[in-house]
Amino acid sequence: MAKIRETKLPGVGVRHEFKTEAGDHIGTITHRSGQRDLLIFDRKDPDACATVLRLQEEDSRMLTELLGGSQVEQNQDTVRQTVGGVVLDWLPITGTWSCANCSIQDTGLLERTGVTIVAVMRDGNLIPAPEPQFPLQPDDMAVVVGTADGIAQARALLRTGDSSGNSASSGAASSGGR
Amino acid sequence: MKQGSETAAHTDIASIFIELGAVIVALALLARLATKLGLTPIPFYLIAGVLVSKGGLLPLHFSEQFIDVGAEIGVILLLFMLGLEYTGEELGSSLRRGLRAGVLDLALNITPGIAIGLLLGWRPLAALLLGGVTYISSSSIIAKVLGDLGRLGNRETPVVLSVLVLEDLAMAVYLPLIAVLLLGQGLLAGAASIGIALGTVILVLMLALKHGGIFSRVVAHRSDEVVLLTTFGMVLLVAGVAQRLQISAAVGAFLVGLALSGTVADQARTLFEPLRDLFAAIFFLFVGLQIVPASIPAVLLLALGLALLTSVTKIVTGWIAAGWDGVAVRGRVRAGTALVARGEFSVVIAGLGGSVEPRLAPLAAAYVLLMAITGPILARFAEPMASFVQSRQRRTESEHTSEAPAVSTG
Numbered sequence: 001m002a003k004i005r006e007t008k009l010p011g012v013g014v015r016h017e018f019k020t021e022a023g024d025h026i027g028t029i030t031h032r033s034g035q036r037d038l039l040i041f042d043r044k045d046p047d048a049c050a051t052v053l054r055l056q057e058e059d060s061r062m063l064t065e066l067l068g069g070s071q072v073e074q075n076q077d078t079v080r081q082t083v084g085g086v087v088l089d090w091l092p093i094t095g096t097w098s099c100a101n102c103s104i105q106d107t108g109l110l111e112r113t114g115v116t117i118v119a120v121m122r123d124g125n126l127i128p129a130p131e132p133q134f135p136l137q138p139d140d141m142a143v144v145v146g147t148a149d150g151i152a153q154a155r156a157l158l159r160t161g162d163s164s165g166n167s168a169s170s171g172a173a174s175s176g177g178r
Numbered sequence: 179m180k181q182g183s184e185t186a187a188h189t190d191i192a193s194i195f196i197e198l199g200a201v202i203v204a205l206a207l208l209a210r211l212a213t214k215l216g217l218t219p220i221p222f223y224l225i226a227g228v229l230v231s232k233g234g235l236l237p238l239h240f241s242e243q244f245i246d247v248g249a250e251i252g253v254i255l256l257l258f259m260l261g262l263e264y265t266g267e268e269l270g271s272s273l274r275r276g277l278r279a280g281v282l283d284l285a286l287n288i289t290p291g292i293a294i295g296l297l298l299g300w301r302p303l304a305a306l307l308l309g310g311v312t313y314i315s316s317s318s319i320i321a322k323v324l325g326d327l328g329r330l331g332n333r334e335t336p337v338v339l340s341v342l343v344l345e346d347l348a349m350a351v352y353l354p355l356i357a358v359l360l361l362g363q364g365l366l367a368g369a370a371s372i373g374i375a376l377g378t379v380i381l382v383l384m385l386a387l388k389h390g391g392i393f394s395r396v397v398a399h400r401s402d403e404v405v406l407l408t409t410f411g412m413v414l415l416v417a418g419v420a421q422r423l424q425i426s427a428a429v430g431a432f433l434v435g436l437a438l439s440g441t442v443a444d445q446a447r448t449l450f451e452p453l454r455d456l457f458a459a460i461f462f463l464f465v466g467l468q469i470v471p472a473s474i475p476a477v478l479l480l481a482l483g484l485a486l487l488t489s490v491t492k493i494v495t496g497w498i499a500a501g502w503d504g505v506a507v508r509g510r511v512r513a514g515t516a517l518v519a520r521g522e523f524s525v526v527i528a529g530l531g532g533s534v535e536p537r538l539a540p541l542a543a544a545y546v547l548l549m550a551i552t553g554p555i556l557a558r559f560a561e562p563m564a565s566f567v568q569s570r571q572r573r574t575e576s577e578h579t580s581e582a583p584a585v586s587t588g
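For the record, the sequence lines run as chains A and B.
For the record, in the first sequence the residue sitting at position 157 is 157 according to this note's numbering, with numbers rising by one throughout.
Adding 178 to a residue's 1-based position in the second sequence gives its number in this note's numbering.
For the record, the hints were derived by calculation from the structure and aren't laboratory data.
There may be inaccurate statements among the hints.
The list that follows gives simulated cross-link-like pairs (lysine-lysine, BS3-like), each with its CA atoms no further than 25 Å apart [to be verified]:
#1 A/Lys8 / B/Lys388
#2 B/Lys322 / A/Lys8
#3 A/Lys44 / A/Lys3
#4 A/Lys8 / A/Lys19
#5 B/Lys322 / B/Lys214
#6 A/Lys44 / A/Lys19
Predicted model only: the values in this text are computed from it and were never measured.
So that you can see chain B by itself, here it is in the shape it has in the complex (with noise of 0.2 Å):
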């Protein structure tokens, strides 16, 4: 209608494209050269982030509205990649079989977060959130660790499987607590509305290992183009009923994820991985667009504190859980350092407490930088420390002269 808004909007859209595709276009960059040093790109979308943010080298002016809602669908499909991972009889076996590993994991991951949390003397809030920031392993990487080494047919894996599965697990109540508690009600509505969430979200949870059979036959369909609008178009729709239930969207996409079974669900991977990558990057920079340089290095010797104290809490956990499934000593190594990277949901956790303590975002940024990057080489080089253990430990044997040495040969 009016010339003048028209154009305005024209080169508002220009721009935004500009930027955004430039942007685009440094993130696959980095993305290559984090695949050429085998490393995970994560860190390096979080520092462009940095990087571009208003007090960074290279400010970016597009709005961040626009970004705001690409960032939050990048969780919304993290969550719900995640949920497709597994089917329910995976989950109930994982469950039943790894119980006792996944309390230990747990007790052990979270704690030094939350703890760290209160030294600062930060809100409970925030340091509950630094405990979800330290007890979340990366399940992306580790996965591929494993697959690149050469170790998913060991007989440590299955342990370290069943703990991520768990931890994942761990996400569907621990997002929806998160949640109720970021509204900042009174203790007694507070805990009703916690009561309420995590019943809601037990009930899904079960409805869809049950009946999820039932809603892949719904989205079946030989075409995928179908597939793919039904499929988002119900993890959209799910997760904004959830976020209007308080529950968490990220929880409603990662039930969609869950329900989803069979070559339904194997279809869909397919599908929503290249737009899991695309929205996820998007959302990595957004996290690091969140963070202001200047406050970064206030907290770097904290996060690396931080990275010492939970690698060495998750060797330990990887150690003791491999040794319950009667793993060896270098079994229970690769079992422990497998486990220490961190990367894709601690950077989703620390995103949700923005509001709650300012520190949280660039201390958790620092740390996935250092835990996804060291995760991987620790993990690569278990296997002369294991050697290394192995042989202190036949010295302390022979001198006690013991019995049987821990490793069975044959």
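Chain A extracted, bound-state conformation (with noise of 0.2 Å):
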């Protein structure tokens, strides 16, 4: 995994910057007024952009969606965010996971695992604290909250219906590098 390079730029807001496996230097500005700059770094000079794209809010949403999809699941580890030890993290449903098409309280995830889902993410609208017996469908993106290791068991949990993590036939594979 490529290393984020942060910068603060006063006034203007963020730089985030890493280098591709092809070696180009891409990064993106984020301004305080929520646009975002899409920047692709000059091969031949290498402290200037050879490109700048102006994203506004929803062209950034558009993009991330593009990209994401299988980049999503890939890259898990680096999208949660750690607060004091809390562990907040998305965990992307498909048709395969046995917890598709049951409702929350059926995987006995709160009660197996301490985590907590907080938010359910369906067709690009967030339903912000669902109900126990809310149903996940294949492609809800859960918003989970709880521990590393809660999370963990978590997506085993809800993928294979056991907790444990070690029933890995049914498709740890579709996990990708953890």
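Each of the two chains sits in its own frame; use the hints to bring them together as a complex.
Structure representation (structure tokens):
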């Protein structure tokens, strides 16, 4: 995984940058207004940007969606945010997961792993604080909060129906490099 | 009560509205023109002011007192918005990372102004004011140029921005210093007042940065109206108290801006931007009004020389500072040329010294006129200049068969 460098730009926002596998230097500027710039650095002049794409909030969402999908699954570890030991993570539910089409209560998530589903993203809409009876569907994105271990168990539980994570037979491969 | 005085007041108001309205419409047309040319409207406002001043082409009669208050509010809002721009964290990290560049910037760019002032036989205070005029780059022009040219992501940009932040922070020390010196006390009393003023500013600065959160929470409200009134009231109050304490109203406003943070700061920024633009335009107009048109030709050559000299010193500043950050030749040229533009705060400083040196305002106006226009142009054409420098350097390097070229490719 490439290392992301963060630079504060006083009065503007924050710049993040990293080197791609192919050796290109790319980055983003998050403006305080919410606007993002997508930066592609110049190969000949590494201090300058060859291309600066100005993305409004809507554009960034669109691009994230296009790049997202399979990417999000692979990079789950980088997406998660840790605040004082509590981890916020995104779990993309696919049709092959055992929890698809059953309610949150049925999964026994909270009892068995201590992890709470605080929101569900469905078709681009955020459903905050879903009820225990809320049915999970394929292509939902579950926003979960818990300890790091709890979330690892939760992922296994939602995928295979077993929180121990040992029943790898059913598809640990799909979770990518963890 | 009395019929006569009432109608008199009426016609007075009517003529004020008509004249002020006409002037502001004219400013709007100038701002349109400036935007079309891709320039900042500030110099145009100044010229407009000169044109409608007493000795100008189209002298107006409205009461200067009326516009004076507007202009003062303009200065306060300019500084308030400047304080809003930065969070305490940004100031802290700029201070840590960019202090060396900031000191270099101060040394290289305040000196030419002071030196020229003294050479002209001005009083030391007037020379110090001229130093301030040449020292402070225009953060608004430069931020806009960097954005327009797509350079915000560049490696040299953090250096440029931190130089700007430190200049703005330096204003918090410089303005109270000038305010005390303008009082013209004796050496000892003056030194004591300066100590007190700077101590107060630093104390309030610390408080604003440490406990600004509390202040922001007090101001916060979901209604824009409430936030607008609370903030504007606070800014005026603090500015007034600061002025009373001889610290300078502008610095008070700057400190209020710094103390606000988070979402309230964002809200205030959108609310005050139009207000700032309006009153700042009136301020620039007012500075223009104060200038006797006949005094301009005499200072024109001087302004040109000063512009040349201080363009070079800013380019050197950016060149060296970017070099410290490991930026290569082209980036160093970009950093240097980006810093050249002077603007609103040079005018603010010049506006303080009207009573000290009559030639300061016209000189500063002509100077800002040159710098606000050439600065962005220089920044734009830095790239070809940079390649020129680079090819020259390559040539000399190959002649001397020295080690690896300064620019790493990859």
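Verification of the hints:
{"no.": "1", "hint": "A/Lys8 / B/Lys388", "in the structure": "holds, 20 Å"}
{"no.": "2", "hint": "B/Lys322 / A/Lys8", "in the structure": "holds, 17 Å"}
{"no.": "3", "hint": "A/Lys44 / A/Lys3", "in the structure": "holds, 22 Å"}
{"no.": "4", "hint": "A/Lys8 / A/Lys19", "in the structure": "holds, 18 Å"}
{"no.": "5", "hint": "B/Lys322 / B/Lys214", "in the structure": "holds, 14 Å"}
{"no.": "6", "hint": "A/Lys44 / A/Lys19", "in the structure": "holds, 15 Å"}
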